[in-house]
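There are 2 protein chains.
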Amino acid sequence: MRIVTQKKLHTICQSMTDRSVDVVLVTDFERTRNASLRYLSGLPTDAELLLFADGHTALIPWDLELAGNLAEVDEILNPLDFERSYRKARAYALSSRLGQKFTLEVLTIESYFEVTKFQESFPKANIICDPKGIGYAISKARRIKESFEIDIIREGCQKTNQLIDMIPPYIKEHPDCREVDFALFLETEMRKLGAEKPAFETLAANANRSAQIHNYPTASTEPLAKPGLALVDFGLVWKGYTTDVTVPMIFGKLNPTQQKMIDTVQRVHDLAISRIKPGALAHEIAGEVIDVLKSQGLTMPYSLGHGIGLEVHEGPGLGLKPTDSSLLKDWMETPLEEGMVFTIEPGVVDSQHGGTRLENDVLVMNDGCEVLTTSRALRFP
Amino acid sequence: MRIVTQKKLHTICQSMTDRSVDVVLVTDFERTRNASLRYLSGLPTDAELLLFADGHTALIPWDLELAGNLAEVDEILNPLDFERSYRKARAYALSSRLGQKFTLEVLTIESYFEVTKFQESFPKANIICDPKGIGYAISKARRIKESFEIDIIREGCQKTNQLIDMIPPYIKEHPDCREVDFALFLETEMRKLGAEKPAFETLAANANRSAQIHNYPTASTEPLAKPGLALVDFGLVWKGYTTDVTVPMIFGKLNPTQQKMIDTVQRVHDLAISRIKPGALAHEIAGEVIDVLKSQGLTMPYSLGHGIGLEVHEGPGLGLKPTDSSLLKDWMETPLEEGMVFTIEPGVVDSQHGGTRLENDVLVMNDGCEVLTTSRALRFP
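In order, the protein sequences belong to chains A and B.
Numbering-wise, the first sequence is residues 1 to 381 according to our numbering.
Numbering-wise, the second sequence is residues 1 to 381 according to our numbering.
Hint data in this document are derived by calculation from the structure and do not stem from the laboratory.
Treat the hints with care, since some could be wrong.
Since the list gives no way to pick out one identical chain from another, each pair is judged satisfied if it fits inside one copy or across any two copies.
Subject to a maximum C-alpha distance of 27 Å in a straight line, what follows is the list of computed DSSO-like cross-link-like pairs (lysine-lysine) [as the list claims (entries may be wrong)]:
(1) K172 with K226
(2) K253 with K140
(3) K321 with K132
(4) K192 with K172
(5) K101 with K329
(6) K192 with K329
(7) K140 with K321
(8) K117 with K321
(9) K172 with K239
(10) K117 with K140
(11) K132 with K239
(12) K140 with K239
(13) K7 with K260
(14) K239 with K226
(15) K226 with K101
(16) K294 with K253
(17) K117 with K132
(18) K117 with K159
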C-alpha cells in the first residue's frame, strides 16, 4: 500500500498544476535508490512511476508479480509487453495519455543520459528539473510524518534504545573486543529484536579513529577500548523506517581538552533541542550551535542533523545557509513543522584529542519536541 | 592507492584523445555510488575526480584527510577552500587547466540537474555523454582483472566456499530456522571469516517464495525448510572485492517438474561454463542457455550473469541482445577476455512449483575458465 495520503497527493499534484507540469517521473533502481517511489506507489524497489497532474499513477515495475502484490496505483504496465524496455513502456504510457507535447518534470537525481535520451524520443516535450519543484514538494510531504508513521518510528527508536542499553554490559564482558566485533554485535542484536536490517553500516571508531570525519573502514580490526574518546554511530530499519544515533564512549580518564569537548557537545545538543518548535528555522539552530562551538575553539565538520524516515538521510536538513552563490540559489530555508522527525547530532573533532558526537532522534511537537532516543555519553573505567 | 594500472590509464586517456575529450568527470556520492572513483583514484568514497586527457588527475574529496591517506592522484583540492561547494572547486580545477572552452565527458549515471547546472556555468563547454564512450572504456579496464585483483577474488571465493560448507550442518542443527535466522547466520559467519561485509542483502527464499523474482523482504520470518525448492543468494566483500553465489536447497522429495527444473538448471549451468573462453560472445552463451530452457518449457526471468569486482554488478553483462531498437543502439557485444570474472547463474521459476537458481563465480582463462566457487544443489531429507 502506498504511504502518501490522499490529501498529500493532492498537494503534490497541485504543485504540478501550479507550474503547468503534466507529469512527473520517479524512478528507483539499483544505481540510484529513491524511496519516493515506495512512498508514492507502495512498491519498495525497482520501478518507474509516472505521476500525472490529475493524480493518475502508472507504474512500470521490473517484477510484475511483486508490483501486483504491493503497489497501490491506477495502472501497472507489464514490462514484458515492452521488451523489458522502460523507455518503450514509458513512451507508451505518456503518449497514450498526453500525446507528444507535454511538460515532464524530473527529479534532480535522474540520470543525464536517460533524460537526454527521452528528449530525443519526445522532441516536442518540455522537460523541467528544479530543486525547488516537484522534488521539494514530495520531500515536504515525506518529511511531515503521519501518526501511523510516527508509531512505527517510535517502535524503532524503542528498539534502538534497547540496543544502547546493551552496550555497557557488552563492553564489560568483552573489554578486548575489536571495533568490528562490537559493530557486528549491534547489527546481530538489532535483528534479534526484529529490525529488518541496519539502516547503514555501523560505524565504530576508537580513540585513534574518532577524529576522522569519514571512517574508512566503518569498523576496523583495532581494539575498541583505547583510552580516550570513542563513538558508535548506528541505526536500524523498523517496518521500513530508519533510526540513527551516535553514542559517545569514554574510556579511562579524559584530559581537560577532551572533557571540554564532551561537555560542550552535550551543551549544544541540549541547546539545539531547546530551540526546536514549529516555525524555528533549521539553519538558525545550526548557526547557533556552530557559534557556541566556535567560541570554544571547536570545529564541527558536518551538519547538525537530517531528517529520517524511509531513508536515513532525507528532509529536513539542518545545515547552515550555503555561502556559495550557486548553492544558495538552489537553497530554501526550512521552518520546522509539527510531525518532522530528524537527528540532532553535534560533534567536534580534534586531530590530537580525538572526536566525539552525540546524536539523538527527535520529533517536532506543537510546542517543542520529543526526544525519541536515549543516546548519552557512556563512561568506562 | 589507485587500482588502475598505468597501462590501463593510458588506454582510458587514449579513448579520450581519440574522441577529442579534454576531461572526464567521475563522482561517487551517497545517492549514486560508483566504484570507478576508487578504481581511478584510490579513494573509496565521497568525492569527485577530474581525469584530464593527459592523465592528470584532480580530486575534490569530502574528507580531505581521508583523501590524503588513501588517494593516489596528482592534485587534491581542499573543499574548505571552496565553501564546500563541489561546483566551485570543479569550476576552479577545470578553468585553471582548460579555460572556458573544452569538451567534458560525463558518465551516463551523472545527474541531469548537475550537468545542466554545469552547462549554465560553462556555456562554451561541450558536454558529451555516450554509453559507448568513457564509461565503456573504464568498464573495459575494470572488467579485465589484474593478477593482484584475481588473488584477492580467489581469497574471497575461498571464504565463500567455506560458508557454503557451513550450510548443511547449520540446517541439520536448526531444522526450524526462519529465513532471517539463516541469512543472519551467513552474514555473521562471513564477518568472522574476515569479510568486510555482505556484498548485498542476503536473500533466503523458502519453497513458498523461491518463485519470486525480486524477493521482498530478502529474508522473511517464514520457516526456511518447507518441502520443495528453496535457495539462498549471498556474497561477501573481501578486501574491496565482491563474491556472489546462489545455492539451491532441496527440502524433502521433489515432484517430477521440480526435479526437471533442478536437473535442467544444472545442465545449462554446465553448458554455459563449457562455452566460456576468450572470444566467445556473452550474448550468444546466454542465448544458447535460454534456448535449452525454452525447449524444456522453462522460463529464466533474468540475465545469465554479470561481472563482479569492486561492485557486485559490473561488466561484463551476460544478457541477451536487446530487441528494443533504442536499447539496441546503446548496446555493444561482449567478446569474453582472459581475466574477466563473472557469475553464471541460470535459474527458472514456476508459480506453481517454485524456483531454483545455481550461481557460481568464474574466471576466464586463456583456454576456458576456472570455476572459483563451489555452489551446488544441497539436499535435505
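Do the hints match the structure? See the list:
{"no.": "1", "hint": "K172 with K226", "verdict": "within (14 Å within a copy, 41 Å between copies)"}
{"no.": "2", "hint": "K253 with K140", "verdict": "neither (45 Å within a copy, 54 Å between copies)"}
{"no.": "3", "hint": "K321 with K132", "verdict": "within (15 Å within a copy, 40 Å between copies)"}
{"no.": "4", "hint": "K192 with K172", "verdict": "both (21 Å within a copy, 21 Å between copies)"}
{"no.": "5", "hint": "K101 with K329", "verdict": "between (29 Å within a copy, 25 Å between copies)"}
{"no.": "6", "hint": "K192 with K329", "verdict": "neither (46 Å within a copy, 49 Å between copies)"}
{"no.": "7", "hint": "K140 with K321", "verdict": "within (18 Å within a copy, 42 Å between copies)"}
{"no.": "8", "hint": "K117 with K321", "verdict": "between (35 Å within a copy, 19 Å between copies)"}
{"no.": "9", "hint": "K172 with K239", "verdict": "neither (32 Å within a copy, 31 Å between copies)"}
{"no.": "10", "hint": "K117 with K140", "verdict": "between (29 Å within a copy, 23 Å between copies)"}
{"no.": "11", "hint": "K132 with K239", "verdict": "neither (30 Å within a copy, 41 Å between copies)"}
{"no.": "12", "hint": "K140 with K239", "verdict": "within (21 Å within a copy, 40 Å between copies)"}
{"no.": "13", "hint": "K7 with K260", "verdict": "neither (48 Å within a copy, 52 Å between copies)"}
{"no.": "14", "hint": "K239 with K226", "verdict": "between (36 Å within a copy, 25 Å between copies)"}
{"no.": "15", "hint": "K226 with K101", "verdict": "neither (65 Å within a copy, 53 Å between copies)"}
{"no.": "16", "hint": "K294 with K253", "verdict": "within (25 Å within a copy, 70 Å between copies)"}
{"no.": "17", "hint": "K117 with K132", "verdict": "both (24 Å within a copy, 14 Å between copies)"}
{"no.": "18", "hint": "K117 with K159", "verdict": "neither (46 Å within a copy, 43 Å between copies)"}
Hint violations for this structure: numbers 2, 6, 9, 11, 13, 15, 18, all remaining hints satisfied.
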